[in-house]
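Using the sequences plus the hints, can you model the full thing?
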Amino acid sequence: MSRKETDLGSAAESSRVKGTDERMIPTFCSLCGPSPGCGLNCFVKDGRLVRVEGMKESPINNGKLCPKAFASMQWVYSPQRLKYPLKRVGEKGEGKFERVTWDEALEIIASKLKEQKEKYGPESLAILSPQRRSYSDYLYRFLMAHGSPNYGHSGICAIQRFFGFAYTLGTPRIVADYKHADVIVVWGANPVYAGAPMGSLKGILDAKSKGAKLIVIKPEMQPDAAKADIWVPIRPGTDGALALAMLNVIVNEQLYDKDFVSKWCYGFDKLVPHIKKYTPEWAEPITGLPSAQIKEVARLYGTAKSACIHAGNAFDQAVDSNNAVRAVAILIAITGNLDRPGGNIATMSNTIPMPKSVHLKERYTQEWVDKLVGPEIARCFQPFIEGTSSAYYRCLNSILTEEPYPIKTIIAPGTQPSIITRGSKRIKEALKKLEFMVVIDVMQNSSMPWADVVIPVATMYECDHPFEAPVMGKGNWIMARNKVIEPLGDYKSDYEFWLDLGVKMGYGEDFWHGSIEECMNYQLENFGITMEELRAHPTGIIYKPEPMVYEKYEQIFATPSTRLSGDPYLPEGKVAIYNTTFEKNGFNPLPEWVEPPESPTGTPELLAKYPLVLFDTHTTDVYNHGWLRNVPYLREIQPHPWIHIHPETAKARGIEDGDWVIVESPHGWIKVKAVYFPGIRPDTVMSVHGWWQGCDELGLPGYPILDGGANVNVMYSTDPEKAFDPVVTAMPKQTLVEVRKA
Numbered sequence: 084m085s086r087k088e089t090d091l092g093s094a095a096e097s098s099r100v101k102g103t104d105e106r107m108i109p110t111f112c113s114l115c116g117p118s119p120g121c122g123l124n125c126f127v128k129d130g131r132l133v134r135v136e137g138m139k140e141s142p143i144n145n146g147k148l149c150p151k152a153f154a155s156m157q158w159v160y161s162p163q164r165l166k167y168p169l170k171r172v173g174e175k176g177e178g179k180f181e182r183v184t185w186d187e188a189l190e191i192i193a194s195k196l197k198e199q200k201e202k203y204g205p206e207s208l209a210i211l212s213p214q215r216r217s218y219s220d221y222l223y224r225f226l227m228a229h230g231s232p233n234y235g236h237s238g239i240c241a242i243q244r245f246f247g248f249a250y251t252l253g254t255p256r257i258v259a260d261y262k263h264a265d266v267i268v269v270w271g272a273n274p275v276y277a278g279a280p281m282g283s284l285k286g287i288l289d290a291k292s293k294g295a296k297l298i299v300i301k302p303e304m305q306p307d308a309a310k311a312d313i314w315v316p317i318r319p320g321t322d323g324a325l326a327l328a329m330l331n332v333i334v335n336e337q338l339y340d341k342d343f344v345s346k347w348c349y350g351f352d353k354l355v356p357h358i359k360k361y362t363p364e365w366a367e368p369i370t371g372l373p374s375a376q377i378k379e380v381a382r383l384y385g386t387a388k389s390a391c392i393h394a395g396n397a398f399d400q401a402v403d404s405n406n407a408v409r410a411v412a413i414l415i416a417i418t419g420n421l422d423r424p425g426g427n428i429a430t431m432s433n434t435i436p437m438p439k440s441v442h443l444k445e446r447y448t449q450e451w452v453d454k455l456v457g458p459e460i461a462r463c464f465q466p467f468i469e470g471t472s473s474a475y476y477r478c479l480n481s482i483l484t485e486e487p488y489p490i491k492t493i494i495a496p497g498t499q500p501s502i503i504t505r506g507s508k509r510i511k512e513a514l515k516k517l518e519f520m521v522v523i524d525v526m527q528n529s530s531m532p533w534a535d536v537v538i539p540v541a542t543m544y545e546c547d548h549p550f551e552a553p554v555m556g557k558g559n560w561i562m563a564r565n566k567v568i569e570p571l572g573d574y575k576s577d578y579e580f581w582l583d584l585g586v587k588m589g590y591g592e593d594f595w596h597g598s599i600e601e602c603m604n605y606q607l608e609n610f611g612i613t614m615e616e617l618r619a620h621p622t623g624i625i626y627k628p629e630p631m632v633y634e635k636y637e638q639i640f641a642t643p644s645t646r647l648s649g650d651p652y653l654p655e656g657k658v659a660i661y662n663t664t665f666e667k668n669g670f671n672p673l674p675e676w677v678e679p680p681e682s683p684t685g686t687p688e689l690l691a692k693y694p695l696v697l698f699d700t701h702t703t704d705v706y707n708h709g710w711l712r713n714v715p716y717l718r719e720i721q722p723h724p725w726i727h728i729h730p731e732t733a734k735a736r737g738i739e740d741g742d743w744v745i746v747e748s749p750h751g752w753i754k755v756k757a758v759y760f761p762g763i764r765p766d767t768v769m770s771v772h773g774w775w776q777g778c779d780e781l782g783l784p785g786y787p788i789l790d791g792g793a794n795v796n797v798m799y800s801t802d803p804e805k806a807f808d809p810v811v812t813a814m815p816k817q818t819l820v821e822v823r824k825a
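Residues 84 to 825, numbered by this note's numbering, are exactly what the sequence shown covers, in order.
Hints listed in this document are in silico derivations from the structure and should not be mistaken for laboratory results.
Mixed in with the good hints, there may be bad ones.
[Claimed, not checked] Within a straight-line C-alpha distance of at most 25 Å, the following computed DMTMM-like cross-link-like pairs (lysine to aspartate or glutamate) qualify:
#1 K139 - D104
#2 K566 - D583
#3 K515 - E181
#4 K195 - D583
#5 K353 - D650
#6 K175 - E187
#7 K179 - D779
[Claimed, not checked] Just the calculated beta-carbon pair ranges, DEER-fashion:
#8 E804 - E666: 18 to 28 Å
#9 T184 - V100: 46 to 56 Å
#10 E177 - M631: 55 to 65 Å
#11 P436 - P722: 18 to 28 Å
Don't be surprised by glycine CBs; every beta carbon is placed ideally from N, CA and C.
Encoded structure:
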């Protein structure tokens with residue numbers, strides 16, 4: 084073993100726990116994602132999973148776990164688990180099915196796909212993306228083999244930030260260096276509830292204990308904001324306006340790093356006059372922040388010796404997304420906080436090899452890009468880092484509009500179009516009209532009633548693959564998954580499904596003729612080991628990181644883009660303050676302000692009827708997107724759908740803490756419980772995304788997915804002229820509402 088590797092264990096993959104009838108089997112969790120999974124020690128008695136604990140050897144979580152992992156036993160053995168494949172026998176939407184075998188289900192799917200490929204062309208198939216998973220590239224591989232570019236990606240998560248950073252700073256992923264920072268800005272992010280065991284929050288608090296100043300920018304005082312030196316309670320959806328106003332202060336007061344700007348930035352001379360109109364006074368009515376606080380934050384960030392920004396999911400879910408991300412990227416650059424200690428670091432290399440991709444990216448052509456039914460990233464920038472993508476919503480919308488052509492089959496693995504994307508009413512109509520739909524899941528889900536075939540798949544405890552490795556270059560640990568329990572029904576893993584379907588379609592050459600072992604070993608070739616050899620290290624192998632090298636500007640700014648041409652993200656070899664690539668493709672070269680579809684300053688005429696701003700969060704301490712509300716341990720903690728509302732706002736409407744309330748927007752209404760929350764803007768209410776499930780064990784109900792339920796996605800605009808960022812198809816998660824007692 085080389086000096087770059089650390090063996091975390093050997094011997095058998097399970098061991099008897101002394102003094103008990105339990106066996107301990109190491110594996111890793113995948114209840115959150117898309118980050119590398121937390122290491123788990125699973126304890127099995129009489130073939131049944133009875134408890135879990137964190138794996139101390141894992142560099143991802145160092146033995147820590149969140150409530151979701153501790154509830155694994157109830158999740159695995161839930162009465163809502165899917166145990167065998169199903170075929171629809173009733174009308175679409177009725178939810179009537181009959182049992183079929185795994186092979187029969189595959190035959191039905193393959194037969195329909197072959198028929199539609201001949202009749203409509205291969206592009207009539209779309210596969211909807213789940214949250215990024217280790218099987219995501221298998222979806223791409225199947226599409227590549229079949230001939231369809233339509234990987235339907237969300238338009239509301241991560242890729243939008245990566246795009247803005249890549250085309251401004253030359254690298255999609257920049258990491259906040261909390262350890263060496265004098266000022267830390269947490270901006271629209273949720274380090275407390277999103278991947279808490281992975282150490283982000285600890286890094287922030289450790290830095291603060293050593294004297295770093297903490298600024299938290301978000302509408303609600305979540306636990307990280309309670310620890311902040313400055314909480315900036317911004318109005319939802321206006322982060323871009325704040326970033327532009329901060330640029331105004333930093334430029335006008337000459338707080339920028341003149342040497343860095345002179346040597347490494349292109350277009351600063353054009354930014355100076357452009358930014359003059361975006362004053363803190365201009366931003367005050369838009370953001371709801373005092374101009375004095377905007378100036379204070381800008382000066383603190385601009386004058387700090389070292390400062391980093393943790394930009395979160397809020398930037399992916401606004402029609403101003405590409406502008407807002409580019410403005411933040413410019414803030415990082417002109418203050419000299421790019422790739423310097425305590426700033427935002429570009430991670431360009433690692434000692435750990437990368438697994439061989441199963442994606443088949445080498446097959447991309449311009450014709451392939453041209454066939455996208457509704458590009459998520461503007462066509463001229465495709466493919467981006469994950470591959471080509473159509474927007475999730477636009478794939479579904481094409482079923483109704485038939486523009487530029489209709490999608491005829493949807494395969495939805497681990498995703499629920501009925502509640503996950505905006506415009507649930509229109510999505511329901513699309514699913515009713517859709518010719519053929521396949522749902523793949525471990526659990527009954529909200530889109531099953533419209534499925535023609537339902538495929539159950541194994542949980543991470545019921546299969547012995549894949550292996551855990553870096554996700555998009557993040558991480559330095561590799562470990563084989565170990566099977567903890569035998570499958571509870573007639574199903575295989577997600578990975579095996581795609582191999583089996585590929586073979587059934589006649590694409591066996593591209594799918595290792597159905598051999599999951601050959602598939603895994605192919606991906607491990609860069610490591611020089613096989614899956615069985617990796618399994619000899621039950622808690623994995625850590626690759627020691629290389630010493631950090633800073634100020635890698637020539638390397639960063641020459642990074643080839645993912646476009647077919649491979650041209651660099653930054654053609655001038657400098658930070659793209661003025662973006663000539665955008666300009667050549669018809670987009671604004673400097674960041675601008677774009678109002679949300681509904682907002683106090685953008686649509687003041689709506690305020691008489693809808694005086695409050697609603698936004699939502701995708702992750703809480705116990706739930707993740709549209710999942711896990713059927714798990715008793717977690718449901719006991721949050722038994723009902725809710726909104727956070729300021730006590731004064733509630734009392735003015737005769738609403739008591741805990742009352743059921745109706746929240747109504749111009750597009751729909753939901754019924755939820757009011758939770759008094761003094762740490763939220765009085766003009767704002769916050770809900771949580773993904774409510775529909777019931778919990779059988781606790782006798783708690785599920786909820787309708789349309790008006791009168793608790794699905795927040797009925798509340799937002801999907802106006803094609805207003806509700807999509809034109810570059811990255813970001814969709815808003817803010818609107819105007821009124822709240823009244825139910």
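Next on the checklist: For a C-alpha distance cap of 25 Å, please report whether K515 and E181 respect it.
Outcome noted: 19 Å, holds
Next on the checklist: Holds or violated: the 55 to 65 Å window for the beta-carbon distance between E177 and M631?
Outcome noted: 58 Å, holds
Checklist entry - Is the straight-line distance between the alpha-carbon of K175 and that of E187 25 Å or less? => result 20 Å, holds
Checklist entry - Is K195 close enough to D583, meaning Cα to Cα at most 25 Å? => result 15 Å, holds
Next on the checklist: Range first: 46 to 56 Å. Now tell me if the beta carbons of T184 and V100 are that far apart.
Outcome noted: Between T184 and V100, where Cβ atoms are some 38 Å apart, the hint is violated.
Checklist entry - Can the restraint linking K179 and D779 be considered satisfied, given a maximum Cα separation of 25 Å? => result 20 Å, holds
Checklist entry - Okay, P436 versus P722 on CB: inside 18 to 28 Å? => result Since P436 and P722 have Cβ atoms about 46 Å apart, the given range 18 to 28 Å is violated.
Checklist entry - Between E804 and E666, is the Cβ distance one that fits in 18 to 28 Å? => result 23 Å, holds
Checklist entry - Hey, K139 versus D104, does the alpha-carbon distance stay inside 25 Å? => result Between K139 and D104 the Cα gap is close to 22 Å, so the pair holds against 25 Å.
Item to check | Restraint status (C-alpha distance of K566 to D583 at most 25 Å) | outcome: Between K566 and D583 the Cα gap is close to 20 Å, so the pair holds against 25 Å.
Next on the checklist: Hinted pair, alpha-carbon criterion (25 Å max): K353, D650. Please report holds or violated.
Outcome noted: 24 Å, holds
The structure fails hints 9, 11 (numbered hints given earlier, in ascending order).
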